[in-house]
Amino acid sequence: MKGMKKVIGRPKYLKEVPNHYCPGCGHSIIHRLLAEVIEELDIRDRAICIPPCGCAVLAYYYIDVDMVEAAHGRGTAVATGMKRCLPDRVVFTYQGDGDLAAIGTAELIHSANRGESITTIFVNNGVYGMTGGQMAPTTMVGQKTTTTPKGRNSVTDGPPLKMCEFLSPLDGTAFLARTSVHSPKHIQKTKKAIRQAFQTQMNDEGFSMVEILSQCPSNWKLSSVDSCRWIEEGMIPQFPLGVVKQRQTEPS
Amino acid sequence: MKGMKKVIGRPKYLKEVPNHYCPGCGHSIIHRLLAEVIEELDIRDRAICIPPCGCAVLAYYYIDVDMVEAAHGRGTAVATGMKRCLPDRVVFTYQGDGDLAAIGTAELIHSANRGESITTIFVNNGVYGMTGGQMAPTTMVGQKTTTTPKGRNSVTDGPPLKMCEFLSPLDGTAFLARTSVHSPKHIQKTKKAIRQAFQTQMNDEGFSMVEILSQCPSNWKLSSVDSCRWIEEGMIPQFPLGVVKQRQTEPS
Amino acid sequence: MIHKAIIAGFGGQGILMMGVTLANAAMREDKQVTYLPTYGAEVRGGTANCTVSVGDEEIASPIASNPDYLVVMNAPSLHKFQSILRKGGHCLVNTSLVHEKSIRQDVKVYEIAASEMAEELGDLRAANMIVLGSFLKISSMVKPETVLEIVDETFRRKSPEVMERNKEALWAGYRFFE
Amino acid sequence: MIHKAIIAGFGGQGILMMGVTLANAAMREDKQVTYLPTYGAEVRGGTANCTVSVGDEEIASPIASNPDYLVVMNAPSLHKFQSILRKGGHCLVNTSLVHEKSIRQDVKVYEIAASEMAEELGDLRAANMIVLGSFLKISSMVKPETVLEIVDETFRRKSPEVMERNKEALWAGYRFFE
Amino acid sequence: MKKNEKVLLRGSEAIGEAALRAGCRCYFGYPITPQNELPEYMARRMAELPGTVFLQSESELAGINMVYGASATGTRVMTSSSSPGVSLMQEGISYLAACEFPSVIVNIVRGGPGLGNIAPAQSDYFQATRGGGHGDYRCIVLAPAYLQEAVDLTYRAFDLADEYRIPVILIGDGMMGQMMEPVVLPEFRKDLPAKEWAITGAGKGPSRFVRSLLLDVHVEEAHNWKLYRKYQRIERREPQSESYATEDADMVVVAYGTAARIAKGAVRRLRDKGMKVGLFRPITLWPFPSKAVARLAESVGKFLVFEMSMGQMVEDVKLALNGKAEVELYGRPGGVVVTPVELSRILSRRYNAMQHEA
Amino acid sequence: MKKNEKVLLRGSEAIGEAALRAGCRCYFGYPITPQNELPEYMARRMAELPGTVFLQSESELAGINMVYGASATGTRVMTSSSSPGVSLMQEGISYLAACEFPSVIVNIVRGGPGLGNIAPAQSDYFQATRGGGHGDYRCIVLAPAYLQEAVDLTYRAFDLADEYRIPVILIGDGMMGQMMEPVVLPEFRKDLPAKEWAITGAGKGPSRFVRSLLLDVHVEEAHNWKLYRKYQRIERREPQSESYATEDADMVVVAYGTAARIAKGAVRRLRDKGMKVGLFRPITLWPFPSKAVARLAESVGKFLVFEMSMGQMVEDVKLALNGKAEVELYGRPGGVVVTPVELSRILSRRYNAMQHEA
Amino acid sequence: MKGTILIKKAMCKSCGLCIEACPKGSIFISKKINEKSYFPAEFDKKNNECTGCGLCAVMCPEAIIEVYREKK
Amino acid sequence: MKGTILIKKAMCKSCGLCIEACPKGSIFISKKINEKSYFPAEFDKKNNECTGCGLCAVMCPEAIIEVYREKK
Ligand SMILES: Cc1ncc(C[n+]2csc(CCOP(=O)(O)OP(=O)(O)O)c2C)c(N)n1
Ligand SMILES: Cc1ncc(C[n+]2csc(CCOP(=O)(O)OP(=O)(O)O)c2C)c(N)n1
Ligand code: SF4
Ligand code: SF4
Ligand code: SF4
Ligand code: SF4
Ligand code: SF4
Ligand code: SF4
Ligand SMILES: [Mg+2]
Ligand SMILES: [Mg+2]
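Protein chains in written order, with the working numbering: chain D, 156 to 407; chain A, 156 to 407; chain U, 2 to 179; chain P, 2 to 179; chain G, 6 to 363; chain L, 6 to 363; chain Y, 205 to 276; chain S, 205 to 276.
Please note that a few of the clues may not be correct.
What the hints assert, rightly or not - Anything over 10 Å on all C-beta distances counts as not near chain G; from chain D, calculated:
1) Lys167
2) Glu194
3) Glu320
4) Ser323
5) Gln343
6) Lys347
7) Arg384
8) Gly397
9) Gln403
To be verified - Straight line, CA to CA, 16 Å or less: simulated EDC-like cross-link-like pairs of lysine to aspartate or glutamate:
10) A:Lys157 to S:Glu274
11) D:Lys157 to Y:Glu274
12) D:Lys157 to Y:Glu270
13) A:Lys305 to L:Glu53
14) G:Lys329 to L:Glu331
15) D:Lys305 to G:Glu53
16) U:Lys81 to L:Asp221
17) G:Lys209 to A:Asp197
Simulated from the structure, these hints should not be mistaken for laboratory data. Where is the CB? At the ideal position from N, CA and C, for every residue including glycine.
In isolation and in its complexed conformation, chain D is listed as follows:
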């Protein structure tokens, strides 16, 4: 474009293909951020992603790094196996809330407690996206899902789990942050948090996780724009944003 300079474009490591995500889905935004951070940190050669069973199961089609698919919930165990064999790689799992906070609870907690030098990108959209919108451990009280037709009942189903806060007492966790991708401002903050998490790993400080509130318009049965509003008004009060833990380690 004559007289014009490109200031934003598609990141280098986001493959030039259409994705399968629903319109307005937060996963696609998060994919882009990962591609950007990987480019900026120049770690494409040594990054390994472990995509989940969940809507992001096909992440290998989109982000241009090596990947190994994990069984549902076992991402951090797989990452542990890989990282222990390849300590100089940047190994990260990508997990949904069902994957991470329900079926994968034990693996997550023990990986975090061991302080595995891995990073978890935790996409909290409050539902099981891929399987069609069932209750997730992070579903809000009162939220209707296909398995809570009358809304999540805190008495029978329990309240939503706040994973960042929950993990923070564990010594092994070095960086824990909750962000969101419902507005440009929050997207930029998310990117920063992802970068910090990777950096934490590269400094070998311990386990790092970024929990990202992410819109699932299809299963929330809201428009993309209303989904962003729901994050702002419905979710953030329950899941406050910010760095939940950042361990200060002496420079070594």
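Since the structure of chain D is already known, use the hints to place chains A, U, P, G, L, Y and S with the ligands on it.
Then chains A, U, P, G, L, Y and S with the ligands, alone, in the frame of chain D:
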């Protein structure tokens, strides 16, 4: 005995049989306390115990209440199934630290978060007793076990998990306490905590757990008396005793 | 004899509803019937389709690899399914959303601008009922009266207005090919 | 020919060590050998025992359901195993801890107050070596020299003193039945 | 809904409704495609039915152990999942079998191994019939081919589970789960008999326990033989199968579930062309209807096993026939659903080859 | 330790040491009796060996998925457990098979089902050979009967796993794990070939991925057939067995592992008494040495399968013989270990009955 | 005009998030359906207020918006 | 004497915890082995200082100590 009055004897619901526990083992003390509390609360008719895979697997031979053995780590899931079908019974799991804090992590956390109206008697002896003294999630840093021949290394194995503190942020937990059975005084406190936990369940206030530091002379390779000393000097500093959480609910 | 129809379109077009209505009508007529939707792919896509099989003998496979009828409500569906329509089969096309022509010469094609017609009727969402009406005309899988009965029962409880509008749409589509 | 011995006693008596030493010696003599301890019951008990099989042909089962030799280091072990000792078999008893007599008349019984002897030697824990020495005498599964070699190698690195004391104990037990 | 009225139901809903009518009072499960409609149906329906428990478990592992707990109390209980989820239940199923806790487990099988896909498949046959868990045990395995049969077998599954104190696996696939067919629903069960073995608190009586730890090998062996005798009883009494056009057949296709539907369509086509082909359809996969198929071998020389897998049931057919007839496999793994037309082509080729040889 | 020197080792340690010498660099596992000595040995030894990873996983479920991760990087990796723990690994094993990740899994089988006991048993045969997980897949299953063989097969297991990119299960029991026998250890493997399929970061090249999700049924089917062809290759090349005193035998006992040792003892006794009895011992349980046993059926009329279970391998023997000889089962479940003497009594009774009939 | 954007319409899913994000109202939904049957977002060339701020691109889930600014 | 205890020696495992717990030194380890091959704890009848405080019984893992106090 003439002129004398029996002030302490074997509790009614502790069966009159020798047990299989090693000399000085904390499990046997805890069994007795359970029998006493069940007698005092008069709930022998409606108590159901779910013994674990662990040294206490044979608890049904000793404590005179109905029991259903659970697969290793699944106690709270089994208890959930039972209690949901029999809401007026007093359902409690009996679990070791390997059972509860390693393989059973996910079931424990989700049962606690749902606020299942069950009680967990959590015997923390810092090792896998039954299988011969391997590292448990609660093994102390530096402690030698058969799988940590050079002592638990917090870098590769992570530090010990403090389960009471870990569970306390969960809304579903109503009563959480850590006690010990290494001295008569602490034994009495443990009994009180067990009673409170059962009472919590009977008031339908939510999930209750008593974590009990318990001696395993055989695997610690210490005498019974030294084992008690190790609890006092080695474990309690890491696992502070006391009521960690007691939810105040309005009388209903 | 068994007849099979594939109905295909977007997610929100009421495709599955058409199929279920048809299947219910067939059941009411005591015919053998199966209905099969494409199901909840673990990965989302924008399309929906279903297969209805109706006949007087046990239906072996609920899948139609060679359907007698094809109802296409959008362009991708035409691309996807036209090749498997049986020779001499019938293809009903909603031309409001499908602008291309079928490339096959060996099938009968019926065209209806259902969305426009629905707009005229005052309810864009009734397009599926219009097409269903047309389908009843060009096929003979079930009687239109039975479908009316089903529509009546389905919507009466919800809203008599919607029921009336749907019935109207159904007849409009039916009459279109008279 | 294959000979089988069961050695049984308390957990802390060095029972398994006796068996392993025997097995090592048999291996050194190029015999066929298996060693089988009772293993880590998921539930603890106070007893320990092991079975050593030595022979010149492949050993089928490492279990002895009908052993040629029985070495009992405590009373419960006598109760547990005496009935399976083969007719005419040999029963070596540590009378320091086993006060009852064997009830069987069809076996040869050898008695030694090993604990007292060990105390005399100045090391109560050497009782197992004394009994092992006696066993070498009454059986002929392996040569005492080979066992000495093994004991030498096992303990030399740890402590020459302990080695010497064990050897002494071994000979004392051996000589007891000379 | 009037009595005996036909209703058009989706497979998963038909199964769910039949379960509720059979007295199922507890459902524990975890989402997985292609069976999500079943828990979702249970969630909706159980919210209305008093005295029922619907709980979405945190995993299949937790789910099967909740089933174990509920069953221990004598409650009729069900879970459902699909292949990977059912793999996670194997330890639990082994425990259920060992403790003789009745339970109904629905497996809507998908393509595998691994994550595979969600298309119809029959590759969990071994897992279901041989016990994917450890130890000697069996589950009754029911494989409906029609939704009416799915309803009837689900209803029956709870009775079988209670009668024999055994886990019962109902096996289907995504096609069965998603399709709709007219069905007549059975009546709601009332007054289920009490289970005197159930663990419900000792009351005034002696305390009891259920466990599978049997440290004494002779006790464990006795328990194994006790189970074995039960399994033999089931093998004698409960095999079920359908024979179609087998009377004068020269060749018989053996297929179950979805594959059997397709096979029946294919057989019909071949019969129309005058080929003497029949269909044998096992309805119970375990106990396998060995006698019935062996009886056919008295007159039939060739059996063609059609499975949506690389060949698993074929072993049971061979075991049943023990060399008495030729057994061939036509396996289509990975979720491919062939059409009756395609299958009829395959069959006619093999039929003609056979005729040629003879 | 000198080269080729005999050493007296406990079974579990022999397996552990052989694994390390085979180039195993990673061990993940969870305690369970009767195999605790193996992880304990690995913990001790790996603390000394640089570049190795020992990690006690929080469960068998986590353990098998750590194996999966390590294997994905091309590292030789092992886990071990016993029956209930192996049941928990079934999903993971299915994924390993699907992704063709080489791995070695040791199952020191115990009595079951459920918690059972820790005595020697062979009741996980189905699980190991048929795949207790979901989907069409196979694992190579090796069943040593002697500790030297345990060493050799463990060593070989890693090569097989790499060569065929397949999970290999080494199956033993508590007796094998606990007993000591003299063994000669193999040399430490050096310079293992690089695996170009391993996922280690893209480097400068194109990025790669490994997955088992294959949504397109035709792609999944192609993958299944690819696996199938591999399995057929293994079935052609890798069956191993031992025949003992079968040349002139009228009756052959079929047994593996511990049972085979006992059977050999019994056979020797019977031979001493002049009875023409032999032993066929499968060393690979999958691929089952079907051809070898079928060849025996040319001269042998009766096969007696001796299993420490209610009868699982007996199916493979029947399938192999396909009616060509009589197959009988002598099964002892629950952890009971019969003695050679007892077994020889059983055998001689059956032998005499057979002679009588003939 | 300080800035402009390019939308790869063929890949647009019509989620509307760019429109919501644009402070200048420079984007609208096109009336012409794309190959994927979505009505794609379109840059309003007449609006002329685009500052090249990039918010639309930051928001776009499909990463199909390129942002250009006048060279200084 | 204000108190006394009864130890069911046959079931004693000689752990010594009662001895450690007794403030009065009223318990000792017997020299006579029991059926389980343990040297059981024994009440020191001569010591005569037992107060019946019950600490030994509270501590005993085997729950085999009965405590008696003088009737008031
Ligand atoms: C063992 C097992 N159980 C269940 C599933 C089915 N499954 C696939 S993804 C998923 C959950 C998806 O939810 P989440 O993790 O929140 O990811 P999202 O799709 O919302 O991003 C489930 C239950 C599976 N693949 N494996
Ligand atoms: C699935 C499974 N894995 C492993 C085991 C073996 N096992 C039995 S008890 C136990 C742990 C015992 O430790 P803990 O829970 O701390 O109880 P303790 O014996 O110390 O009281 C283990 C690993 C098992 N029974 N099942
Ligand atoms: S279902 Fe939800 S999470 Fe999944 S792709 Fe669609 S919007 Fe995204
Ligand atoms: S091993 Fe430890 S926990 Fe188990 S019975 Fe012995 S002392 Fe108690
Ligand atoms: S760059 Fe800024 S002003 Fe221009 S279209 Fe995008 S959001 Fe609007
Ligand atoms: S944000 Fe992207 S995908 Fe959404 S409407 Fe705008 S350009 Fe299209
Ligand atoms: S009751 Fe008190 S004083 Fe008496 S023996 Fe026991 S501890 Fe000692
Ligand atoms: S505390 Fe009990 S078991 Fe221990 S020594 Fe005293 S009486 Fe014996
Ligand atoms: Mg989610
Ligand atoms: Mg413990």
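Right, here's what the structure says about each hint:
no. : hint                 : in the structure
1   : Lys167               : holds, 29 Å
2   : Glu194               : holds, 29 Å
3   : Glu320               : holds, 19 Å
4   : Ser323               : holds, 21 Å
5   : Gln343               : holds, 33 Å
6   : Lys347               : holds, 32 Å
7   : Arg384               : holds, 27 Å
8   : Gly397               : holds, 27 Å
9   : Gln403               : holds, 34 Å
10  : A:Lys157 to S:Glu274 : holds, 9 Å
11  : D:Lys157 to Y:Glu274 : holds, 9 Å
12  : D:Lys157 to Y:Glu270 : holds, 14 Å
13  : A:Lys305 to L:Glu53  : holds, 10 Å
14  : G:Lys329 to L:Glu331 : holds, 13 Å
15  : D:Lys305 to G:Glu53  : holds, 10 Å
16  : U:Lys81 to L:Asp221  : holds, 15 Å
17  : G:Lys209 to A:Asp197 : holds, 12 Å
Going through the hint list in order, the structure satisfies each hint without exception.
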